[in-house]
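J.: Hints given; two lone chains; assemble the complex.
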Amino acid sequence: MDKVYTSCAEAIADVPDGATIMFGGWGATGDPENLIRALLEKGTKDIVAIANDPGNIREGVIYGLYPLVKEKRIKKFIGTYHAWNQDFIKQYQAGEIEFEACPQGILAERIHAAGAGLFGFYTDVGAETLLAEGKEKKVINGRTCVLELPLRADYAFVKAHIADKWGNLRYRFVGQNFNPDMATAAKIVIAEVENIVGVGTLDPNDVHTPGIYVDRIAKGEYYDPRFA
Amino acid sequence: MTQGLHDKRPLTEDEMARRVAQEVKEGNCVNLGAGMPFPVTQYIPKDIWALVHIEHGLLGVGGMAEGALKDRDLVGLGRRPITAVPGASCFSSVASFTMLRGGHIDLGVLGAYEVSEKGDVANWLLPGQCPIVGGAMDIVGHVKRLIIMMTHVTKKGEPKILKECKLPVTAYGVVDLIVTDLAVIEVTSEGLLLREVVPGYTAEEIQTMTEPQLKVSPELREIVVA
Numbered sequence: 001m002d003k004v005y006t007s008c009a010e011a012i013a014d015v016p017d018g019a020t021i022m023f024g025g026w027g028a029t030g031d032p033e034n035l036i037r038a039l040l041e042k043g044t045k046d047i048v049a050i051a052n053d054p055g056n057i058r059e060g061v062i063y064g065l066y067p068l069v070k071e072k073r074i075k076k077f078i079g080t081y082h083a084w085n086q087d088f089i090k091q092y093q094a095g096e097i098e099f100e101a102c103p104q105g106i107l108a109e110r111i112h113a114a115g116a117g118l119f120g121f122y123t124d125v126g127a128e129t130l131l132a133e134g135k136e137k138k139v140i141n142g143r144t145c146v147l148e149l150p151l152r153a154d155y156a157f158v159k160a161h162i163a164d165k166w167g168n169l170r171y172r173f174v175g176q177n178f179n180p181d182m183a184t185a186a187k188i189v190i191a192e193v194e195n196i197v198g199v200g201t202l203d204p205n206d207v208h209t210p211g212i213y214v215d216r217i218a219k220g221e222y223y224d225p226r227f228a
Numbered sequence: 001m002t003q004g005l006h007d008k009r010p011l012t013e014d015e016m017a018r019r020v021a022q023e024v025k026e027g028n029c030v031n032l033g034a035g036m037p038f039p040v041t042q043y044i045p046k047d048i049w050a051l052v053h054i055e056h057g058l059l060g061v062g063g064m065a066e067g068a069l070k071d072r073d074l075v076g077l078g079r080r081p082i083t084a085v086p087g088a089s090c091f092s093s094v095a096s097f098t099m100l101r102g103g104h105i106d107l108g109v110l111g112a113y114e115v116s117e118k119g120d121v122a123n124w125l126l127p128g129q130c131p132i133v134g135g136a137m138d139i140v141g142h143v144k145r146l147i148i149m150m151t152h153v154t155k156k157g158e159p160k161i162l163k164e165c166k167l168p169v170t171a172y173g174v175v176d177l178i179v180t181d182l183a184v185i186e187v188t189s190e191g192l193l194l195r196e197v198v199p200g201y202t203a204e205e206i207q208t209m210t211e212p213q214l215k216v217s218p219e220l221r222e223i224v225v226a
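Respectively, the protein sequence lines represent chains A and B. Under the working numbering, the first residue of the first sequence is numbered 1, with each subsequent residue one higher. Under the working numbering, the first residue of the second sequence is numbered 1, with each subsequent residue one higher.
Incorrect hints may appear among the rest.
As the list claims (entries may be wrong) - Simulated pairs of lysine to aspartate or glutamate, DMTMM-like, Cα-Cα distance not exceeding 25 Å:
| # | chain 1 | residue 1 | chain 2 | residue 2 |
| --- | --- | --- | --- | --- |
| 1 | B | Lys70 | A | Glu194 |
| 2 | B | Lys118 | A | Asp124 |
| 3 | B | Lys163 | A | Glu128 |
| 4 | B | Lys166 | A | Glu128 |
| 5 | B | Lys166 | A | Glu194 |
| 6 | B | Lys144 | A | Glu128 |
What the hints assert, rightly or not - Per label pair, the in silico range of CB-to-CB distance:
| # | chain 1 | residue 1 | chain 2 | residue 2 | range |
| --- | --- | --- | --- | --- | --- |
| 7 | A | Glu41 | B | Ala226 | 52 to 58 Å |
| 8 | B | Leu69 | A | Pro210 | 30 to 36 Å |
| 9 | B | Thr202 | A | Glu96 | 48 to 54 Å |
| 10 | B | Asp47 | A | Val207 | 37 to 43 Å |
| 11 | A | Asp154 | B | Gly157 | 47 to 53 Å |
| 12 | B | Pro10 | A | Asn195 | 49 to 55 Å |
| 13 | B | Gln213 | A | Val207 | 54 to 60 Å |
| 14 | B | Gly87 | A | Lys135 | 38 to 44 Å |
| 15 | A | Asp14 | B | Lys163 | 54 to 60 Å |
| 16 | A | Pro225 | B | Met64 | 16 to 22 Å |
| 17 | A | Gly200 | B | Asp14 | 51 to 57 Å |
| 18 | A | Gln93 | B | Thr154 | 18 to 24 Å |
| 19 | B | Arg221 | A | Lys138 | 43 to 49 Å |
Calculated directly from the structure, the hints in this document are not laboratory data. For each residue, glycine too, the CB sits at the ideal point set by N, CA and C.
So that you can see chain B by itself, here it is in the shape it has in the complex (with noise of 0.2 Å):
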């Protein structure tokens, strides 16, 4: 545990990312969203087989590439150089989108501004201003496994968990599990369900910051983070 035992605060960005490298189990092939996921991709436990997957056509990605390894045919998201692993395949927009839209892909862990308690997800327009569509719409509902990967709250504390989505809706019924700055939730048929908290939270604490009502795991646990 990376947390004193009074250290009681949110899990860091890169917290987040080594809770979310847990869920990628041997052999996936993972597609990992730019802004905060996509720095999962050096966590994924060095023990397994999984590639990484970037939609513009590569799945195998490394490290971030350093001095002679820096390529300018080679960059992931966010136009930084990378390397690519033993392994790897490039290829084109189009089939690097068949393998997502396909259902070729294990996991998928996006970004997101809202996400419903049906697994609805918001993640491309704020009202306003310019559309980032990209390629999440793509991604949504086609993966087989999607996490949501989110700090709990607003900027001014307000819920990003609700019951019904206020912005425009990416896709509906969509979200397998959530990763905040918190919690881990999984959205069942039955609603969501609290796995995880961050530790000295409580499910109580975790509620009043959520709108839709939790159901608490009898397994419930403190997030660990490797």
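In isolation and in its complexed conformation, chain A is listed as follows (with noise of 0.2 Å):
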């Protein structure tokens, strides 16, 4: 079964305006920039985006989702914070983006939730502040806890080094980061990969998705050989 795709572009060619989108990254690593140049090609608008940050431009290079906030295409971000992003910034300052903020680690776990079939786990974390108000409360060992609910969207955009043919994928250093877990918790998986390579090639040990999770693979057609 080959998952290939022909480029980034037909890979994403069915995303519909509205669509909830996770986007994997941190930062600049580990973000899928050429399906979310892609994307900002389509001109898909209206995103419910769920990414760890709303990415930035720094001495001229772009990462994460720095376009798509430009242009305005994001109407919800479900993130950490606005990673000194003056557009974001501003767009929310205006009331033109809603911004749900959430724990880094919650976030990704309210992701792994999702994909593993859980309706969703109680934390001590910011069950004290602000973030927990209209959340349901409970007190366990003594501690107030929140009860944190499951993330799921129609699309994960996820990125890889290696993708084998059927979507088994291999990630380099913090280029991991919440990629795995979004590969579990979307609808459609898209994966964009540096590397494409037969079934059997991949060692099964170093796998860290396996292509049961993933629907779609593209090669990135272009990565700015600067980063800052």
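T.: Right, here's the structure in full:
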């Protein structure tokens, strides 16, 4: 079975306006930048984006969701902080973008819960903060906890270093971050990769994301040789 | 000591990082927050075994990567290229926060806007501004020991160490030690204990810049920045 698409544009061609999309990546590492560029060029708007941060531009180098934020394609962002993205901050201040702030580890765990078929979990993280307002609370072992609900999406855009044609994925260093869990938590999982190899080439011991989770694979067309 | 005898001034951020690094002990796994804390990495004594954890998935941060060692899949806080030390490991965000929330990390160092005398910390929300949640809420209260590293007073000269935090709190009763540009203060069950002051400052001067009453340690000494 071959899940390889001819381009990132083809792999994202059916993403409708208003889709909820998870984007892997932490800053400039592990972000599916070619899929993001393809989505920008396609003109998709009213996106509900789930990601660690909304990306940024630094010394002319773009990373993460920055281009989609700049063009105001995102209507709601579920993530951990603004990454000092001035366009995001301005849109937030102007009420043009909704921001659901979530502690980073809880964001990861909510995504993991969705992918693992769990209906939520209790945690003391943020339980005594403004973020806990409106959430169900329970005292467990003497600690106030809040119920955190699973987070799933229509699409997950993930980035890996190598895929085989069935979608087994291998990441490098901190490029892993949210990607392996996002790959379990969306209806359609699209993997942008730097290298595609034949089935059987990857050592089973080296597979981080088993191909069962991956629906589509596309080779990233361009990576800025600079990064800052 | 990097200061002259008559040079009475607060510590620089670099000197604060050197002081915080002295808190890292043999065998520690340490999480260092963005901003002021992350540069502590470079001052951890070379003769001890300690690993620096970053929340996007690396235990064993080395130094800043230069030239051919720069790798886009290996960046630290501030998105700058870094290296990994021998013995390092890489993992997912879920695994990374399992280490943090599960109480496996020995020491955390974070910045803050305010700390209270009970060890409450406020470091995520300024009035009218876009929240900065990041990983701090997972970290505080779950690392075995938490150090807050911050300037002693605001730019307007107002105390940041308060009886009660005025800003929205991140977590209550979680801070163990406060290292500022003027003093080292321990949070104890009996209140704040002033342990070290920057050379040239007296305990009384530190008290005027600190809202709650400080107890002065019988072993009060000057901060030594190696």
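J.: Hints the structure violates: just list their numbers, smallest first.
T.: 5
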